[in-house]
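Which chain is which? The protein sequence lines are A and H, in order.
For the first sequence, counting from 1, position 101 maps to 101 in the working numbering; every step adds exactly one.
For the second sequence, counting from 1, position 69 maps to 69 in the working numbering; every step adds exactly one.
Quick caveat, the hints were computed from the structure, so don't treat them as lab data.
A virtual CB, placed ideally from N, CA and C, is assigned to each residue, including glycine.
Among the hints, a few may not be true.
Chain A stretches covered by chain H per the calculated footprint, using a threshold of three residues with CB under 8 Å from any CB of chain H [as the list claims (entries may be wrong)]: (1) 55–61; (2) 64–78.
Computed, partial: chain H to chain A, Cβ under 8 Å [to be verified]: (3) E36; (4) E37; (5) S43; (6) Y87; (7) Y134; (8) V136; (9) T141; (10) Q145; (11) P214; (12) E240; (13) T242.
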Amino acid sequence: MTIKSLDPRITRAEIPVDNESTWTPLPDMDQHETYEVFHQEKRGDQPTHVGALHAPNPEMALVFAKEQYARRSRCVSIWVVRTQDIHTIGIEDSDVFETTPAKDYREARGYRVGGKLTEFKRRRAASNE
Amino acid sequence: MSNDAALKDLLFRMADDDLIIAHRNSEWTGLGPIMEEDIAFSSIAQDKLGHSLALYTLLETLGEAEPDTTAFTRDEAQFRCCHLVEYPIGGYDFSLMRHFLFDMADMLRFELLESSSYEPLAKLAAKVRGEIKYHVFHAATWVEQLGAKGSEESHARMQSSLNLVYPLALGIFEPSQFEAELAASGIFAGEAALQEKWIAAISPILERSNLRIPAVADPAQAYGGRRGYHTEHLQPMLTEMTEVFRIDPTASW
Chain A
1 MTIKSLDPRI TRAEIPVDNE STWTPLPDMD QHETYEVFHQ EKRGDQPTHV GALHAPNPEM
61 ALVFAKEQYA RRSRCVSIWV VRTQDIHTIG IEDSDVFETT PAKDYREARG YRVGGKLTEF
121 KRRRAASNE
Chain H
1 MSNDAALKDL LFRMADDDLI IAHRNSEWTG LGPIMEEDIA FSSIAQDKLG HSLALYTLLE
61 TLGEAEPDTT AFTRDEAQFR CCHLVEYPIG GYDFSLMRHF LFDMADMLRF ELLESSSYEP
121 LAKLAAKVRG EIKYHVFHAA TWVEQLGAKG SEESHARMQS SLNLVYPLAL GIFEPSQFEA
181 ELAASGIFAG EAALQEKWIA AISPILERSN LRIPAVADPA QAYGGRRGYH TEHLQPMLTE
241 MTEVFRIDPT ASW
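Please take these sequences and the hints and turn them into a complete structure.
Take a look at the structure:
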């Protein structure tokens, strides 16, 4: 007795109905390594991380990345990089990103120069006349 | 238009090739070697189906039936596909090698057609260029991977697949009775010209993959498909492919 399926491909494979006794567990799979995929939606955009995939090498990773991550969305360019080659400060150290509240002076937005700049331009224009 | 018969013959060859290879390759869906490849190969099969639809639509404008009727109600003698696309999927090595040899010819054919005097076909050729370029990139990367960068077993299996598939692939270029007419009217440069470009394109890739093209004593052994003479594999496939359609041909999907 073999499996009769609505899917003719399965019927053709002649899989025994009682197939559990013939199963042997696979050895630990030697998986391909993972690659991280970045895509660029349009020319000039920063590449954005969109996910990961398994592949045996960079060429195959590119082949797979195109259909995995660019078949439904706009894309003009794809990067892949071995996950192992990405160095991270992990989430367990996310406290290093916490900042003290009073440090406006270290940030560009801490300086209000808009008004001064406008005044400078006005004066320069006036002196050029 | 006086070249109607010649043009239709060309379009039927191309459309039927695309429809049958699309169906064959889609038989791998869910059974592919790894998930990433399953998605890629299925997606390529869908592209091919899209190309066949576009070509059947051109045939409709030339007076043929609408695409579903053309695709699903003809019997094998009315098909103009080559034998190569009819064969069952075999092992993944066979399917990959067929995909490589077929898609290279497909890409080069559409490249020639970009300057066709039949403008709708020239426009279609430009539109599908990117998709087919990926198909060839996918195929060539796999062939090189398994031929030159894999194991002894993968190399041996790719070589024996090439030995099987190559003689069949020569059937792609079976000359038609309209070669002179198509060339003279600027519709298509012809099968001989295409085959020459194809050999030049596959040779360096196969060489890089450490694979040798087998000698073929008689290329005509794979001919016949373009005149409606097919292998024993086509009709059972058509019967299976049209099973649901035939339950209710008037149903709207």
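Here's how the hints hold up against the structure:
{"no.": "1", "hint": "55–61", "result": "holds (count 5)"}
{"no.": "2", "hint": "64–78", "result": "holds (count 5)"}
{"no.": "3", "hint": "E36", "result": "holds (4 Å)"}
{"no.": "4", "hint": "E37", "result": "holds (7 Å)"}
{"no.": "5", "hint": "S43", "result": "holds (5 Å)"}
{"no.": "6", "hint": "Y87", "result": "violated (14 Å)"}
{"no.": "7", "hint": "Y134", "result": "holds (6 Å)"}
{"no.": "8", "hint": "V136", "result": "violated (11 Å)"}
{"no.": "9", "hint": "T141", "result": "holds (5 Å)"}
{"no.": "10", "hint": "Q145", "result": "holds (6 Å)"}
{"no.": "11", "hint": "P214", "result": "violated (26 Å)"}
{"no.": "12", "hint": "E240", "result": "holds (6 Å)"}
{"no.": "13", "hint": "T242", "result": "violated (13 Å)"}
In the structure shown, a violation is registered for the earlier hints numbered 6, 8, 11 and 13, in ascending order.
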